[in-house]
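*Asks:* So the chains spell out like this:
There are 2 protein chains.
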Amino acid sequence: MIVATSISKVRETINNVKQKNKLIGFVPTMGALHEGHLSLVRKAKKETDFVVVSIFVNPTQFGENEDYNSYPRHFKRDKEILKQEKVDMVFYPSVRTMYPEDFSVYVKETSLSKYLCGKTRKGHFQGVCTVVTKLFNIVQPHISYFGQKDYQQAQIVKRLVRDLNFPIKIKVLPIVRERSGLAMSSRNNYLTQEERERASYLFRGLKLGEELIKKGEKKAHLITEEMRRFINKHVSSKIDYINIVDPYTLKDVDIIEGKVLIALAVYVGKARLIDNLIVNPGGSRKSSIKGKGRRFF
Amino acid sequence: MIVATSISKVRETINNVKQKNKLIGFVPTMGALHEGHLSLVRKAKKETDFVVVSIFVNPTQFGENEDYNSYPRHFKRDKEILKQEKVDMVFYPSVRTMYPEDFSVYVKETSLSKYLCGKTRKGHFQGVCTVVTKLFNIVQPHISYFGQKDYQQAQIVKRLVRDLNFPIKIKVLPIVRERSGLAMSSRNNYLTQEERERASYLFRGLKLGEELIKKGEKKAHLITEEMRRFINKHVSSKIDYINIVDPYTLKDVDIIEGKVLIALAVYVGKARLIDNLIVNPGGSRKSSIKGKGRRFF
Numbered sequence: 047m048i049v050a051t052s053i054s055k056v057r058e059t060i061n062n063v064k065q066k067n068k069l070i071g072f073v074p075t076m077g078a079l080h081e082g083h084l085s086l087v088r089k090a091k092k093e094t095d096f097v098v099v100s101i102f103v104n105p106t107q108f109g110e111n112e113d114y115n116s117y118p119r120h121f122k123r124d125k126e127i128l129k130q131e132k133v134d135m136v137f138y139p140s141v142r143t144m145y146p147e148d149f150s151v152y153v154k155e156t157s158l159s160k161y162l163c164g165k166t167r168k169g170h171f172q173g174v175c176t177v178v179t180k181l182f183n184i185v186q187p188h189i190s191y192f193g194q195k196d197y198q199q200a201q202i203v204k205r206l207v208r209d210l211n212f213p214i215k216i217k218v219l220p221i222v223r224e225r226s227g228l229a230m231s232s233r234n235n236y237l238t239q240e241e242r243e244r245a246s247y248l249f250r251g252l253k254l255g256e257e258l259i260k261k262g263e264k265k266a267h268l269i270t271e272e273m274r275r276f277i278n279k280h281v282s283s284k285i286d287y288i289n290i291v292d293p294y295t296l297k298d299v300d301i302i303e304g305k306v307l308i309a310l311a312v313y314v315g316k317a318r319l320i321d322n323l324i325v326n327p328g329g330s331r332k333s334s335i336k337g338k339g340r341r342f343f
Numbered sequence: 047m048i049v050a051t052s053i054s055k056v057r058e059t060i061n062n063v064k065q066k067n068k069l070i071g072f073v074p075t076m077g078a079l080h081e082g083h084l085s086l087v088r089k090a091k092k093e094t095d096f097v098v099v100s101i102f103v104n105p106t107q108f109g110e111n112e113d114y115n116s117y118p119r120h121f122k123r124d125k126e127i128l129k130q131e132k133v134d135m136v137f138y139p140s141v142r143t144m145y146p147e148d149f150s151v152y153v154k155e156t157s158l159s160k161y162l163c164g165k166t167r168k169g170h171f172q173g174v175c176t177v178v179t180k181l182f183n184i185v186q187p188h189i190s191y192f193g194q195k196d197y198q199q200a201q202i203v204k205r206l207v208r209d210l211n212f213p214i215k216i217k218v219l220p221i222v223r224e225r226s227g228l229a230m231s232s233r234n235n236y237l238t239q240e241e242r243e244r245a246s247y248l249f250r251g252l253k254l255g256e257e258l259i260k261k262g263e264k265k266a267h268l269i270t271e272e273m274r275r276f277i278n279k280h281v282s283s284k285i286d287y288i289n290i291v292d293p294y295t296l297k298d299v300d301i302i303e304g305k306v307l308i309a310l311a312v313y314v315g316k317a318r319l320i321d322n323l324i325v326n327p328g329g330s331r332k333s334s335i336k337g338k339g340r341r342f343f
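Chains as they are written, first to last, in our numbering: chain P, 47 to 343; chain R, 47 to 343.
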């Protein structure tokens, strides 16, 4: 496994690989790898000939009062894991490599990023769009893999690729959960055992919302109110948002008539956790047939 | 010569060309081609194996009260010219092809674009950065060519390439001028014969500034005041700006101690014309040795 810390090393490697007409798969991460990341890596290994994983805790996507400094960093452990997965190259740049001192070009998405996490995390998606654009230009993959846990991020990256015409296919893979239902996240590292147990009720809250929709409730605000009470009681009172939105535009839905996304962000101790569930009011049978193994939707 | 109006046609062609390991040269234009554009095309023909020229009057780089609608469009004529130059492919997309209805991703440069044209043309360089990013991703050139007449644009594109890590080399070629000294520009089409004669004094204004610097004047404001009087008298009183700036940061220079850029924007009739000159206080001999043919610096 090649460990590249410089952009020139990645370029050199990629140019060689492209000469051989190999398909390049790319999984951008911030490290502190868990089974969610590994599901992306394994899919990339299956579908492409040369798999690149980047590990970079990107400062431009953290707000001033967010957890950039405390974000978990375990490069040695991550490297061993990726070696075992037979990843071909890890890109592990420094902040200065990615952002020279007079750096001044940013990429912003102006529609999807107004909602959900974009409301509280000002500048977050601009940081994501900027670093993803940079990584795409450095790695030049044919296919790049993202996790559905960051649903909004995945939608924004898809829009970025469409609107800026990147010659890259984006694949979004299902959320990987612990047995308790807790969505895998590097930020789960922040949780105490007691918090981790409470956090598992986030998914039950989403399932409660789903159940109400399946039972025929169409008024989104009644469902989110019910969920809010549930999460307030079992998880935490620091709820950033619980929203039922159109899965394509991410705009709030008032009356549920088709497929919706239930999305939430809740603080549990020091961690701000997000989770989501796509619900199709009339499509329960279809979606359960489609379900595979440990994937919850 | 291939005339592609769809992105898929360009991609298909480019994929074939890249298979053959050919070097791709790219000249992005807004059409209404003149000798300035052709100097870029000819350089691209010399240095690369497959030359792509785009012709697209990009709406996102025009302000609300600017000349988007009246900007000269002569596609048939342009196409014939490019055929004669043995250009390999012209990309001539519609606005809808480039900007789908719910388009929402933009690229912005936040430092160099604060100065010169960026002050009066709000949003202009964001439009430029966005369309250039799109075109780079569509054409995927190895080398792209820009004219020094749009000095600020060229610097911003270089910054864009550096900061977003495009695997592309940017080459900036000297201003091509008419015999009178008037810098070639599609917007010269707007000028009456009398205005064209007046406009030729813009270059003489720049040369006046250069002369003062060569004579040892170091106070930038004294030079720009002199130039302002000259241009006011011979060209037009509608001066947008006359600035002496650092050629790298584009920030105003107070005391001239090294290489500077003298840049101006002046309205002549309906046309807003720009021009510039790099002046090296101590380096006159070197720059005159470097000069070739009809290039003025």
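Hints are computed from structural coordinates only; laboratory data are not their basis.
Possibly wrong hints are sitting among the right ones.
A pair counts as met if it fits within one copy or between any two copies, since identical chains are not told apart.
To be verified - Cut-off 25 Å, straight-line C-alpha distance, at most; resulting in silico cross-link-like pairs (DMTMM-like, lysine to aspartate or glutamate):
hint, residue 1, residue 2
1, K279, E263
2, K265, E112
3, K168, D298
4, K64, D134
5, K64, E93
6, K154, E110
7, K297, E224
8, K261, D148
9, K68, D134
10, K265, D134
11, K215, E58
12, K68, E58
13, K129, D286
14, K92, E131
15, K68, D95
16, K64, D95
17, K154, D286
18, K122, E110
19, K168, D148
20, K297, E147
21, K264, E147
Just so we're clear, the structure is a prediction, and the values are computed from it rather than from any experiment.
*Asks:* Does each hint hold? Answer for all of them.
*Replies:* Here is what the structure says about each hint:
1. K279 x E263: within (22 Å within a copy, 76 Å between copies)
2. K265 x E112: Classified as neither; 34 Å inside a copy, 47 Å across copies.
3. K168 x D298: Within one copy only: 19 Å inside a chain, 32 Å across chains, cut-off 25 Å.
4. K64 x D134: This pair counts as both: shortest intra-copy Cα distance 14 Å, inter-copy 24 Å.
5. K64 x E93: both (16 Å within a copy, 22 Å between copies)
6. K154 x E110: both (18 Å within a copy, 21 Å between copies)
7. K297 x E224: neither (29 Å within a copy, 55 Å between copies)
8. K261 x D148: Classified as neither; 56 Å inside a copy, 34 Å across copies.
9. K68 x D134: within (12 Å within a copy, 27 Å between copies)
10. K265 x D134: Close neither inside one copy (49 Å) nor across copies (58 Å); limit 25 Å.
11. K215 x E58: This pair counts as both: shortest intra-copy Cα distance 22 Å, inter-copy 16 Å.
12. K68 x E58: Close inside one copy (14 Å) and across copies (18 Å); limit 25 Å.
13. K129 x D286: neither (38 Å within a copy, 59 Å between copies)
14. K92 x E131: within (11 Å within a copy, 47 Å between copies)
15. K68 x D95: both (6 Å within a copy, 24 Å between copies)
16. K64 x D95: For K64 and D95, both the intra-copy (10 Å) and inter-copy (19 Å) Cα distances are at most 25 Å.
17. K154 x D286: within (23 Å within a copy, 30 Å between copies)
18. K122 x E110: For K122 and E110, neither the intra-copy (28 Å) nor the inter-copy (54 Å) Cα distance is at most 25 Å.
19. K168 x D148: So K168 and D148 pass the 25 Å test inside a copy (22 Å) and across (22 Å) alike.
20. K297 x E147: between (37 Å within a copy, 17 Å between copies)
21. K264 x E147: This pair counts as neither: shortest intra-copy Cα distance 52 Å, inter-copy 30 Å.
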